[in-house]
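2 protein chains.
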Amino acid sequence: MEEASATCEVRVQLGDRDYPIRIGSGLLSRPESYDAVPRGGVAVVVTNTSVAPLYASSVARAVSARHVRVLRVELPDGEEHKNWLTLNTIFDALLTNGCDRKTVLYALGGGVVGDMTGFAAACYMRGVPFVQVPTTLLAQVDSSVGGKTAINHPLGKNMIGAFYQPQLVVADLDVLDTLPERELSAGLAEVIKYGPIADAAFLAWIEDNLDALLARDKAALAHAVKRSCEIKAWVVGQDERESGLRAILNFGHTFGHAIEAGLGYGAWLHGEAVGCGMVMASELSAQLGLMPASFVDRMHRVIERAKLPVQGPATLSGDRYLELMRVDKKAEDGEIRFVVIESLGQAGMRPASDELVARVIEAHSAR
Amino acid sequence: MEEASATCEVRVQLGDRDYPIRIGSGLLSRPESYDAVPRGGVAVVVTNTSVAPLYASSVARAVSARHVRVLRVELPDGEEHKNWLTLNTIFDALLTNGCDRKTVLYALGGGVVGDMTGFAAACYMRGVPFVQVPTTLLAQVDSSVGGKTAINHPLGKNMIGAFYQPQLVVADLDVLDTLPERELSAGLAEVIKYGPIADAAFLAWIEDNLDALLARDKAALAHAVKRSCEIKAWVVGQDERESGLRAILNFGHTFGHAIEAGLGYGAWLHGEAVGCGMVMASELSAQLGLMPASFVDRMHRVIERAKLPVQGPATLSGDRYLELMRVDKKAEDGEIRFVVIESLGQAGMRPASDELVARVIEAHSAR
Numbered sequence: 022m023e024e025a026s027a028t029c030e031v032r033v034q035l036g037d038r039d040y041p042i043r044i045g046s047g048l049l050s051r052p053e054s055y056d057a058v059p060r061g062g063v064a065v066v067v068t069n070t071s072v073a074p075l076y077a078s079s080v081a082r083a084v085s086a087r088h089v090r091v092l093r094v095e096l097p098d099g100e101e102h103k104n105w106l107t108l109n110t111i112f113d114a115l116l117t118n119g120c121d122r123k124t125v126l127y128a129l130g131g132g133v134v135g136d137m138t139g140f141a142a143a144c145y146m147r148g149v150p151f152v153q154v155p156t157t158l159l160a161q162v163d164s165s166v167g168g169k170t171a172i173n174h175p176l177g178k179n180m181i182g183a184f185y186q187p188q189l190v191v192a193d194l195d196v197l198d199t200l201p202e203r204e205l206s207a208g209l210a211e212v213i214k215y216g217p218i219a220d221a222a223f224l225a226w227i228e229d230n231l232d233a234l235l236a237r238d239k240a241a242l243a244h245a246v247k248r249s250c251e252i253k254a255w256v257v258g259q260d261e262r263e264s265g266l267r268a269i270l271n272f273g274h275t276f277g278h279a280i281e282a283g284l285g286y287g288a289w290l291h292g293e294a295v296g297c298g299m300v301m302a303s304e305l306s307a308q309l310g311l312m313p314a315s316f317v318d319r320m321h322r323v324i325e326r327a328k329l330p331v332q333g334p335a336t337l338s339g340d341r342y343l344e345l346m347r348v349d350k351k352a353e354d355g356e357i358r359f360v361v362i363e364s365l366g367q368a369g370m371r372p373a374s375d376e377l378v379a380r381v382i383e384a385h386s387a388r
Numbered sequence: 022m023e024e025a026s027a028t029c030e031v032r033v034q035l036g037d038r039d040y041p042i043r044i045g046s047g048l049l050s051r052p053e054s055y056d057a058v059p060r061g062g063v064a065v066v067v068t069n070t071s072v073a074p075l076y077a078s079s080v081a082r083a084v085s086a087r088h089v090r091v092l093r094v095e096l097p098d099g100e101e102h103k104n105w106l107t108l109n110t111i112f113d114a115l116l117t118n119g120c121d122r123k124t125v126l127y128a129l130g131g132g133v134v135g136d137m138t139g140f141a142a143a144c145y146m147r148g149v150p151f152v153q154v155p156t157t158l159l160a161q162v163d164s165s166v167g168g169k170t171a172i173n174h175p176l177g178k179n180m181i182g183a184f185y186q187p188q189l190v191v192a193d194l195d196v197l198d199t200l201p202e203r204e205l206s207a208g209l210a211e212v213i214k215y216g217p218i219a220d221a222a223f224l225a226w227i228e229d230n231l232d233a234l235l236a237r238d239k240a241a242l243a244h245a246v247k248r249s250c251e252i253k254a255w256v257v258g259q260d261e262r263e264s265g266l267r268a269i270l271n272f273g274h275t276f277g278h279a280i281e282a283g284l285g286y287g288a289w290l291h292g293e294a295v296g297c298g299m300v301m302a303s304e305l306s307a308q309l310g311l312m313p314a315s316f317v318d319r320m321h322r323v324i325e326r327a328k329l330p331v332q333g334p335a336t337l338s339g340d341r342y343l344e345l346m347r348v349d350k351k352a353e354d355g356e357i358r359f360v361v362i363e364s365l366g367q368a369g370m371r372p373a374s375d376e377l378v379a380r381v382i383e384a385h386s387a388r
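Going down the list, the sequences are from chains A and B. When you read off a place in the first sequence, starting at 1, and then add 21, the result is the number in this note's numbering. When you read off a place in the second sequence, starting at 1, and then add 21, the result is the number in this note's numbering.
Keep in mind the hints are simulated off the structure, nothing from the lab. Possibly wrong hints are sitting among the right ones.
As the list makes no split between identical chains, a pair holds if one copy fits it or if it spans any two.
To be verified - Dumping the calculated SDA-like pairs for lysine to any residue here, alpha-carbon to alpha-carbon at most 25 angstroms:
| no. | residue 1 | residue 2 |
| --- | --- | --- |
| 1 | Lys123 | Arg60 |
| 2 | Lys123 | Asp260 |
| 3 | Lys239 | Phe184 |
| 4 | Lys328 | Asp232 |
| 5 | Lys328 | Gly99 |
| 6 | Lys123 | Gly369 |
| 7 | Lys123 | Met346 |
| 8 | Lys123 | Glu356 |
| 9 | Lys123 | Ser374 |
| 10 | Lys123 | Leu176 |
| 11 | Lys123 | Phe184 |
| 12 | Lys123 | Ala183 |
| 13 | Lys123 | Gly177 |
| 14 | Lys123 | Pro175 |
| 15 | Lys123 | Pro201 |
| 16 | Lys123 | Leu266 |
| 17 | Lys123 | Arg371 |
| 18 | Lys247 | Gln188 |
Given the sequences, and given the hints that come with them, work out the whole structure.
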């Protein structure tokens, strides 16, 4: 029971929508991990075809005492399925099983499962409770925390969604043991992100511990997840609906979203696109005179060491990026605003000319 | 300018989501009616093919000074189109026109347009502002107020939606002049509803003024809309998300929804189904010993005088009603709870046996 004692909790402070993030080994299969969840009603474990055989039974068993019945819904795996059609399979299952307003949805999977299950919970009968049980590093450190839920539209990523907070996040570090290497790296992209935007010391810690993280050292992962969640919870607690500060969490994402949309969702993992996007956003920060060139090198190095792409795809032109960025949610009145680093651990928002953005993309693309 | 002086305002008090309902003649085409709406951004007037030729240009003109551009989206007319496919035409229009987070949606139409536009506003980029400009009596007294938005699912009405408040409701009484007679009656069903559930004196007023209302007397309509909105605003202000009190607004709706779903959406108007449903719910209140038989007669009479159906359709059996009621949102753990009248002007929730419910339906159905 050594793992149990190592469990820690981070709170997302949002008044009447306050909730805990629990982080530790072996949490997923322990009934007491879910004691913050409303009792009664039907439980629906929503997962995907890759995660289901690994963990669905454990979660179903752990929550069964709290609920009158436990159902399962399996979604196809991958960002390309994060659309209305897949979302509707959740609604179909809920309605054909007569699920009422006391139903609790458990999102067991990565960011795609979490985003879709959260959005389904936000909309079903105008809102039922849900729980995040993230099974990827990326979901544990980013997407499962903060209540952003959405599906994609053919014309843009995450365009249809809701701000809707879970009752609880259960981040079980043991699930990271089975994570494919590519997904571990994708998650590290979001971990790395928190350094330059909010905590210079954390960036240095990541650089010192990157080999341990890649080797899945449990203590290193525990610290990375905890510190990431603390920073995200702090930001979300101040700006739940992204009217200002929260936008800094999108460092590298404006470039990254353009890569994802331009290649077709699913070609690159979200974290891979963000990794490359952070190199470009760091370059932009340097070109705007905010940061020295050495900062770009430093970001390039840590992202590359994390086994993430540091060059944009050869097939995407600068013009195509700009076109895609203009339909991104972050654009306002057609003006694209970028998250830039103003000093190490401090981010801000800046516009940039099309010429400069194209030059930055060119400098960091495979040609 | 006599109409302008007759304008009145009811406030929906919801803290930071507080908003006014403006009621009066000629409001729709006056720019000052919209002064509570955020400036800038693109305006999108969402309407349907029946309403567009009557009022879309007036609204577009009235709001044009507040916005950089005014777009229009026309939806097909009718409850049978209140689904994902139609909703998606709004998203398509918003995205192909590069609409950002400052976009304001104007819902110009009846309950279907309001419900779908409100839900589109709730979901687009996780939430953009919207305004209700209801063009039916039913929408003015009920659906445009209180922030319930939704679309239908083949397995149930309003199953997918959100609680999402508008910035403002503009109820122009002049639009009621062009309303088809059947729709006027449908609206009166919801007006009548407010009497037995919340205000005995208002029920007596409706009985005294029903001929004037049917003749579209402007002063009578103004009072009916104002008092209805006051009662609805009071209820919603206390229980926005329907955890208790708000359910009383569904008097007659559990029976009514079953009629609508059983016949296929669009066969009967919502207000028609609610009219008949209130006769049944009044009978149930009497059968449960809460109200005298004379109350059922009284409700039967006023509903019939309003030119609403007082008998359920011949083709729907009691068993079919019960089956449909069990998938309705109001059911919990498979138990159906009915809004009943406990004393005139006071409603409550009660379960009832299947046998009793079937008997009530039988007594008020065409066979």
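Legend entry - Index of numbered hints that the structure contradicts, given in increasing order: As far as the earlier hints go, 3, 15 are violated by this structure, in ascending order.
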